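Novice: Chains S, H, D and L supply the protein sequences, listed in that same order.
Okay, so the first sequence: first residue is 0 according to numbering that gives the first Met the number 0, each after it adds one.
Okay, so the second sequence: first residue is 0 according to numbering that gives the first Met the number 0, each after it adds one.
Okay, so the third sequence: first residue is 0 according to numbering that gives the first Met the number 0, each after it adds one.
Okay, so the fourth sequence: first residue is 0 according to numbering that gives the first Met the number 0, each after it adds one.
Just to be clear, a hint being listed does not mean it is correct.
What the hints assert, rightly or not - Pairs of lysine to aspartate or glutamate residues, derived as DMTMM-like cross-links and limited to a Cα-Cα distance of at most 20 Å, are as follows:
id: 1; chain 1: S; residue 1: K18; chain 2: S; residue 2: D41
id: 2; chain 1: L; residue 1: K111; chain 2: S; residue 2: E68
id: 3; chain 1: H; residue 1: K3; chain 2: L; residue 2: D205
id: 4; chain 1: H; residue 1: K3; chain 2: L; residue 2: D41
id: 5; chain 1: L; residue 1: K18; chain 2: L; residue 2: D228
id: 6; chain 1: H; residue 1: K3; chain 2: H; residue 2: D29
id: 7; chain 1: L; residue 1: K111; chain 2: S; residue 2: E243
id: 8; chain 1: D; residue 1: K111; chain 2: H; residue 2: D41
id: 9; chain 1: L; residue 1: K3; chain 2: H; residue 2: D41
id: 10; chain 1: D; residue 1: K111; chain 2: H; residue 2: D86
id: 11; chain 1: S; residue 1: K3; chain 2: D; residue 2: D169
Derived by calculation from the structure, the hints in this document are not laboratory data.
In this text, all values refer to a predicted model and were calculated from it rather than measured experimentally.
Number of protein chains: 4
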Amino acid sequence: MTTKRPMRVLVWGENHHEKHDELTRQIYPDTMHGTIAAGLRDLLGADAVVETAALDDPEQGLGEEQLAETDVLLWWGHLRHDAVDDDAVERVQRHVLGGMGFIPLHSAHFSKVFIRLMGTTCSLRWRQGVDRELVWTVSPTHPIAQGVPHPLIIPAQEMYGEYFDVPAPDELVFVSSFSGGEVFRSGLTFSRGHGRIFYFSPGDQDYPVYHQPEIKRVLANAVAWAFQDRPRTQPRITMHREGEFDTPREWDGTLQ
Amino acid sequence: MTTKRPMRVLVWGENHHEKHDELTRQIYPDTMHGTIAAGLRDLLGADAVVETAALDDPEQGLGEEQLAETDVLLWWGHLRHDAVDDDAVERVQRHVLGGMGFIPLHSAHFSKVFIRLMGTTCSLRWRQGVDRELVWTVSPTHPIAQGVPHPLIIPAQEMYGEYFDVPAPDELVFVSSFSGGEVFRSGLTFSRGHGRIFYFSPGDQDYPVYHQPEIKRVLANAVAWAFQDRPRTQPRITMHREGEFDTPREWDGTLQ
Amino acid sequence: MTTKRPMRVLVWGENHHEKHDELTRQIYPDTMHGTIAAGLRDLLGADAVVETAALDDPEQGLGEEQLAETDVLLWWGHLRHDAVDDDAVERVQRHVLGGMGFIPLHSAHFSKVFIRLMGTTCSLRWRQGVDRELVWTVSPTHPIAQGVPHPLIIPAQEMYGEYFDVPAPDELVFVSSFSGGEVFRSGLTFSRGHGRIFYFSPGDQDYPVYHQPEIKRVLANAVAWAFQDRPRTQPRITMHREGEFDTPREWDGTLQ
Amino acid sequence: MTTKRPMRVLVWGENHHEKHDELTRQIYPDTMHGTIAAGLRDLLGADAVVETAALDDPEQGLGEEQLAETDVLLWWGHLRHDAVDDDAVERVQRHVLGGMGFIPLHSAHFSKVFIRLMGTTCSLRWRQGVDRELVWTVSPTHPIAQGVPHPLIIPAQEMYGEYFDVPAPDELVFVSSFSGGEVFRSGLTFSRGHGRIFYFSPGDQDYPVYHQPEIKRVLANAVAWAFQDRPRTQPRITMHREGEFDTPREWDGTLQ
């Protein structure tokens, strides 16, 4: 019954395979980010305003103004991580630390901004095969798992396996198995600064994963979880005299 | 180079299948607990004094004096959980909270004492089939994972799958997959009171799992991790006047 | 914009001090649980239907039907923990594991049901003095911390200090300091089975803590966080043949 | 009884205050890093070989060879964070991810390498006053807390307070209070890649904190905890064909 303002969601895509790979074009004629956005609109309805942006947009679709008006950013990238400007990476990291939700998808484990937010290599084990992936819920009380089948079955997927070199997550929501026998922590939450992050590994340019209703459900849940109705404010150092809890003095650039 | 006193390790076994099942007797002619203890002696050498106890021993092998002289208790039980006296369960729980290490194995997920320490049902998904289990390390810096292959391959095992109804562990060390596609959080640490707990799921009366050198390595590592050289002291409520940090007054039985 | 059914909230009180202590009667003329319930109604409005129950109600206010119709249970108890029937304790634990939210307050750290859910002694350090308590947020992205001042200042409170013998929480939301120098992990989340638990330590029969608007905000946030719109279902063991992920066979009472 | 090779420990210091501030020189006539190293030698004896390095050494004391022969690196820096070369920062991060232990102390929360490993701002609340700091143990089973008084009392210290903008730690070992009322998560563990990190906040150039025996005990415990006897190997992406668990194929620089 609570009436909240709609969440402002931005689905960012690298948009490379859609232009260069026939298979991807067949599976995702509306682009991958367009497909993800459509799924969110279906499930979130009036609760969200969902837009898309792409690497080839002005300012790579990641301008300061655009980010300032984004509550939750979903990110799909794969072959063009290096093409993302360091300035854009810095902006995205700053907005995440300031409170923007961030949902890196699949091969975005190797995006510059995710690596920077994690502090690790974000490397993993992989195979471009045709494994069946089963996504099991290990946090049944987590909002992101609500309404998600146990297991969620993905008939064909690229394999991502452990060791996945990320920090221990705040919450481990999903663990996947692959028919080749590998396992992967496939749904992970992290808080960084004032922002909430959910990494979700299923989804690839060669398989119709983002068309599955269960996957749409996970992503819609994740957007609602990552959303915070707060002013964008990055944590910063503050100096407080004794008893002055609420009146921080600005740090003047030097530690004493 | 540090010289510490030897760890006093007790391997407790239900000793039921060993008496009633021909298959178990063939696999474990020296009993399951005896086999586990022998493996620990091999790997820990002079660092540990390893003894065994069984359900049919006096005081069910869990007398007050026995527990007081145990640094780390390993527990294998399956069909006779209900036969363990509630008094013995209370004693074990108290000693764990007082600092004794505790390593419940496989079907001990349903032991009274583990359920009591977890506060949950400790239920899970299972299948008495012949799955291959692969045990993957997801905490490569954890002492329990040192020297353990990635993956650790168990040719044939009973399937244990998620959802495993235990609290989120302090550290998730191992995740297993089964050839049927299920996954299981198979190596989990928990601290409770002053004690350290490691649950490890591989191991069954029908398969020679405890004969595998890699499994012996996990158990030896786990004993060393769970060991603490501390006086057995259960946490208790204490009343402190202002400034009297180190001189607790005994609680006299009434909250004010 | 999402329209959800109202949350059904039950505030349970021991109702002992209200009948026997003049000071408590002066501070809480509408009882402690009545005051807490009124605060929730103010802040949650049409999002919640808030009722109260007390130890001296039929079935101690914790009958099967009552619990089955409760989404989130808040619990205040202190001197009469032992008077709560073990049957009622078992019912509450079962409903929490089945999905009911549970919010034990202050001295409810020693309630039978909290001890049973934690598996530890739940003991702590304390002093019946007049400390100023400052409640600091260490998880600024947590829904329970939204709109809560940093620090939240409680002019006078009983001191609760570390070591607080509970399992490491899933999320540490608040840490308090007391003017005597002690610290306490004062806002902690735990998931157990299908239920979500939030322990919050501020609040005492001798101080007007539950009249503070900031405390009401924490409790309203906690109710919204602990609420899940799910059928009450306790985790249970299930047997699955290979490939039968969705058709559990009932466990027939014997492990094979 | 286990005989392990000695741990190779390097205590790195910025060595700025020691050259420019009379107060620091009086408190730490042997430099801060020299004092810390002496404390470790006292407590670890033959278990460790402890060396020191400083910002004004060749290669800033952080050459490739030096790091390759270091098992655990302690780091004290304050005013000269910016003077550390980005190449040196990259080397240290790489060695940590490859398995080197890392113990940033006090104002090293703002060192480039800690910020890079955390992915956050690492900002905090502070006051250059004369607060009494009480360090409370909230993980009594943690090896770093063994033998440490509860509380550990530091008569005079700079105040560091929450919100400390770091990821949720793997384990929260210590929480401090300050006489001004602030709290701080003062002892935190993190695993990153193959390395183990312990941040410990007490210690400042203006107070004799590193002369306190209890602080020496914490640091010696932390070194033993962060040490791993493993070959230095950074996690990296590997490609595995089905069933080839142990024979990774090198990634050739392109994702497929």
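Novice: Just pull the numbers of the violated hints for me, sorted ascending.
Specialist: Of the numbered hints, 1, 2, 3, 5, 6, 7, 8, 11 do not hold.
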